[in-house]
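Given the sequences, and given the hints that come with them, work out the whole structure.
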Amino acid sequence: MPRLLATLVLGLFCMSSVSVSAAVDGAPGYERDIRPLLARHCIACHGSEKQESGLRLDSPAGIRLGGDGGLVVPAEPTEVEDRSAADNGPSSSRLLRAVSREDDEISAMPPEGPGLSAQEQRLLTAWVAAGAPLPAPSEGGRRTSDHWSFQPLQPPALPAVADVAWLRNGIDHFVLARLERQAIRPSPEAARQTLIRRLSLDLCGIPPSRAEVEAFLADDRPAAYERLVERMLGSPAYGERWGRHWLDLARYADSNGYTRDFAREIWKYRDWVIAALNADLPFDRFTIEQFAGDLLPNATLDQRIATGFHRNTLINEEGGTDSEQFRVDAVADRVNTTGLVYLGLTLECARCHSHKYDPITQREYYQLFAFLNNCDEPKIDAPAPWQVADGVLERRDELRAKVKSLERELAGQEKEFTARQLAWEAKITPEFRATLPGPVQASLMLPLDKRDATQKQLVVELYKKSDDAREAFPLVAQIAALKAGEPTIPTTMVLARREEPRVTHVHRRGNFLDLGPRVTPDVPAVLPALPDGSEAPGRFELAKWLVDPANPLTPRVIVNRYWQRFFGTGIVATENDFGSQGEPPTHPFLLDWLAAEFVARDWSPKAIHRLIVTSATYRQASHARPELQDPANRLLARQSRLRLEAETVRDVALAASGLLSRRIGGPSVHPPQPEGVFAFTQDPKPWEPEPGDGPYRRGMYTFFWRSSPYPALMVFDAPNGNVTCTRRVRSNTPMQALTLANDEQFVTAARALADKLMTTGSADVNKTIELAFQTCLARHPSAFERDRVRELFESQQRSFAEDLEAAQEFSGLPRHDPATATAAAWTSVARVLMNLDEFITRE
Amino acid sequence: MQDVHAPRIETTRRHFFRDCRVGLGAIALGSLLNRDGGLLAATSNEQPTRSVVQAAHVPARARNVIFLFMAGGPSQLELFDPKPELQRLDGQVIPESYVKNKRFAFLKKDAKLLGTRRRFSRHGESGQQVSECLPHLAGISDEIAIVRSMATDVFNHGPAKFFMNTGFERLGRPSMGAWITYGIGSEAEDLPGFVVLQSGPRGPRGGSPNWGSGFLPTTFQGVPFNGKGPPILNLRSPEGINSNRQAEFIRAVNDLNRRHLVDTGDPEVATRIASYEMAFRMQSSAPELMDISQESQQTLDDYGADRSQPSFANNCLLARRLVERGVRFVQLYHTDWDHHGNQGTELEGSLDKICGEVDQPAAALIKDLKQRGMLDETLVIWGGEFGRTPQGEPRDYLGRDHHIEAFSMWMAGGGIQPGLTLGKTDDLGYYPVEDRVHVHDLQATVLHLLGLDHLKLTYRFQGRDFRLTDVGGHVVEKLMS
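Chains as they are written, first to last, in the numbering used here: chain A, 1 to 843; chain B, 1001 to 1481.
These aren't lab readings, by the way, just hints derived from the structure by calculation. Ideal placement from N, C-alpha and C gives every residue a C-beta, glycine not left out. Don't take each hint at face value.
[Said to hold, decoys possible] Ranges of calculated distance between the beta carbons of each label pair, as one might list FRET restraints:
1. B:1352 with A:430: 20 to 26 Å
2. A:112 with B:1109: 38 to 44 Å
3. A:517 with B:1121: 27 to 33 Å
4. A:730 with B:1121: 53 to 59 Å
[Claimed, not checked] A short list of chain A residues far from chain B (calculated; beta carbon distances all over 12 Å):
5. 106
6. 162
7. 184
8. 215
9. 236
10. 257
11. 280
12. 322
13. 457
14. 480
15. 662
16. 674
17. 721
18. 748
19. 784
20. 803
What follows is the structure in structure tokens.
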């Protein structure tokens, strides 16, 4: 203990010695160092909006051109000039003289505020001294940049290392080479039981069963681990686990958002994602189908369902809103999401003005916007294959035709109908009226001629439900019966081709009412161009371009995010910002090697996942190594301990208890939740737990209301589904403790586990405790742990024996059963294990 | 056992302190779980958390905030901003110059002006004008500052609420309470630093994102306390688990976690241990907090509080109790001020009713805080997401549409100039003509009073430094004493 304390104390006063910027060195770069510096200090007055003294410092062209006072940095030597003859000294740069604030002739800049720091002055001076290198203005219409992430992907060679015995695959070369530079040894391999639980949680999101653990421990043939990996990559749970990761990015939810937040039906998209991952659909296909599946030749229903990706945007149904405003917001969200998910670029910054730090202009933002501004947004039938085979669709259509004709017939009796309805209305009692929804009540209060069309319809529908209407008009009952018999066919939200394309303009200052110049779809000039001959490019062309092997960003961004899922942090820690303000990669060559592998292996996600989990790097133990002063584990001299994601917290509890349903897909479900969840929403939401296995489905199937999400998910940092989430935070709060300790769902799981312990355990308390540890943590307890749990068991058993009523309440067993106190005590044991930090952590 | 036990608090504190260097947020996280004075005092000779932040920003004038959020948008023209000229022009079509290029939720451009039917008079030494709708508030008008020149950007309820709370009209940014607890932590040992209470017929539009933590850690999100039943979700132990059994449970969990802390060396385990300790304390402190029967009958009568049912009055009293216990930011939502002019939403009986619900408790809160010497360090804010139009709506009863150009709010306590009327609107009450206070200005001022510079309180997310005031905001010096 004292050593631990000492190391923690040491950590107090030392900043991490792992310098991230050590990855890049040499002279200051324009994109990395100079552009942000100018953006911070200068472009408010020398940018796109104001050009004091005729000077613009927000583009290489402007910097080269200088202002009214002349050049601000030395001119580039022409070919005939000798570079050495050009005066590149700092004294020749008006820019340096201005920011020095010590020049007699040139006004001190910036005129207000603290000015440039000493470090910034040094950077600028070094840059000017190096000849103020600026990216070439253009090459064949493309903009160039010296920023690392825009450079073409070139697979690097594997670096040589000393300890070749440690290596398992290419990944390890890069990691070990870095460690050996600092003379650091990697951590030993994690214990086998840790490995199987880690692997199972990472690949499938559920813990291994006891039988699986035992089989793995007993398997002493070579490649036991690799076989385990294959089995898990082949498990249908893999698609659920990795599907949920993608749904974070897709901002998937089951309701429309904003204030009214009505339910929507789009779970077919969720199921498509799961199936695609299980089938290892290559990532380029996966992308193209989600952006433009409907535009593929002979598009299948599944390919149309896939376009739900960009239908997960919010819809505002509040009264008195401007629908165009919210449609534009949704398209902007599609642009932003595409930028963050695929390009690792914060495009949103360019919605109101050109990006301050990255080479993306406002015009280019709206060129991207134009790709996504041209689709219709229908809801389509998405029947299951068996429904199609059974002719359910035809049956439904026939039935609807029949209803329509009956309704026409009923309309012929309108006069009598209305008269009868008014007579009926006159007899409505205030008590009955009070039970009706607000809008219906309000409509009833109005005389017939004051009701608008909707209000009239509300009252007509109300009347049609009455006995009076059914007696007087047999058609009413007939129609109702037919409608009740209509087969349920799932629907889903998709994109569809728009016949009359919209014209896209720049929105000045991001205001959709203030239209600027017209733009046509195109990609940012700093990235590779669209292929020649793409006339009138649309969603399909955008998707193809995103996953073109020449695109330097997509493969880097995607493999980096895979890495983040396995290690907690990406090789680029700012997983959604590969621009100049993001962090550079800690292992740039590893990132490029992985990205190149991804493309070379036909964009197979499973291939990259396999590569990562079979590396020696991944298989290390996760114990802290404070002596390395690398608390964020950027060096990868160990694995990281990661608190499980919200859904997985639920899934491990249900799995340990044996309650977990393994059914995949289908409409979202409503597992029990504490009372009072809707006390704070505008309208209470329907929430009725489904019978059968409904309460025990995996967390990812829980119905997600955007305005009032399931609390046990939110408390563990599930994303809110309003915008794309590329990385979840991992908080650690008392509310989490209250949820795990007291929430009905978790108590139910503890009871079920206790039941399992008592039926499969032995009479020997210690042996049953062993079983409990193996079930929950995939390992044996230490002697201390066993004794401490036994102490709790015995004390709780005594306590419950004296209070059988409490024992009954807690265990759910009948009070007269002599085993009740024992059952309650085992439930206590189960509850303790399910509340351990280790239980909700991937070690 | 002993060796594992003894250093646990130390370890926990050290973990928090080690994180301090990463920024204000980590300090706040620490202080959520540890009393702030003790946090740093235990590990170094430095000043407690509050001082650390004060050194970084500006001197604090207030320690806590109580935000009385009047959801729906109260009509300033009926309550705080008398307009004789508007009354003279009652029934006439509004001049076109006012409504050119403007958008409204429901109104047409030819809507007719509506003079108020309410009487205004001057009150107290300050001579503040408050209408007859709020007699109790009129009685304390020397304690409050009324801002008549508030302005916002968005005219729908949900987005406008997000704008007032988070500085941005779409959901997903951190709310003011989250920013503040992130910035300076909380002194509450047994309760969350940011608590939300609600009263009225329904929840506020937009729901939980109004008190969300956005991209800040969830530690800083507002925790809704229910007025009825257990105040926090899952606060009650399971059936059959009494306090002793729960304590035994927590002890066992933490004993095992402590062993795991030693095994892994991961400070996250120490935080988990502290979380369980605080959760257990909250199980008793939260119900104790909500039990207003401990208050004297006199106090209950002053507020108009009634033990038997939740109300705005009860919530005002709870707000004081929360602040007493060190909770940093308390937000009370009361619905529904959306007086468009249908039955149930008119500026007649419906306005009287909601004023009756709100007036006495809000005034009692100010008096109570003052009497207990807490007003100086507690900032109280009263207002909604926007105001209401000078035009009436062509509905069956008297009503007004949403108005974003000018509306009124009042503030009191912590650093606010008492008795002040700030800002002036034109003759119709349409636009501010003096001292316009934009929502971002209000937010900058609130942060300033708490000792935080709105330009420095930032958080990097998706490649950008975000702040509560987005890209605007100026501190309103005139509001401060």
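A quick look at each hint next to the structure:
1. B:1352 with A:430: 20 to 26 Å: Because 23 Å falls inside the window, the suggested range holds.
2. A:112 with B:1109: 38 to 44 Å: 43 Å, holds
3. A:517 with B:1121: 27 to 33 Å: 56 Å, violated
4. A:730 with B:1121: 53 to 59 Å: About 57 Å separates the Cβ atoms of residue 730 of chain A and residue 1121 of chain B, which means 53 to 59 Å holds.
5. 106: 28 Å, holds
6. 162: Given that every Cβ of chain B is farther than 12 Å from that of residue 162 of chain A, nearest at about 27 Å, it holds.
7. 184: 17 Å, holds
8. 215: About 26 Å separates residue 215 of chain A from the closest Cβ of chain B, which puts it past 12 Å; holds.
9. 236: 31 Å, holds
10. 257: 8 Å, violated
11. 280: Non-interface label on residue 280 of chain A holds, nearest chain B Cβ at 30 Å vs cutoff 12 Å.
12. 322: 7 Å, violated
13. 457: 19 Å, holds
14. 480: 32 Å, holds
15. 662: 27 Å, holds
16. 674: Answer for residue 674 of chain A: violated, closest chain B Cβ roughly 5 Å.
17. 721: At about 10 Å from chain B, residue 721 of chain A fails to clear the 12 Å cut-off, so the statement is violated.
18. 748: It is violated; residue 748 of chain A is separated from chain B by about 10 Å at its closest Cβ, not greater than 12 Å.
19. 784: Per Cβ check, residue 784 of chain A is inside 12 Å of chain B; nearest 6 Å; violated.
20. 803: Check fails; 8 Å does not lie beyond 12 Å.
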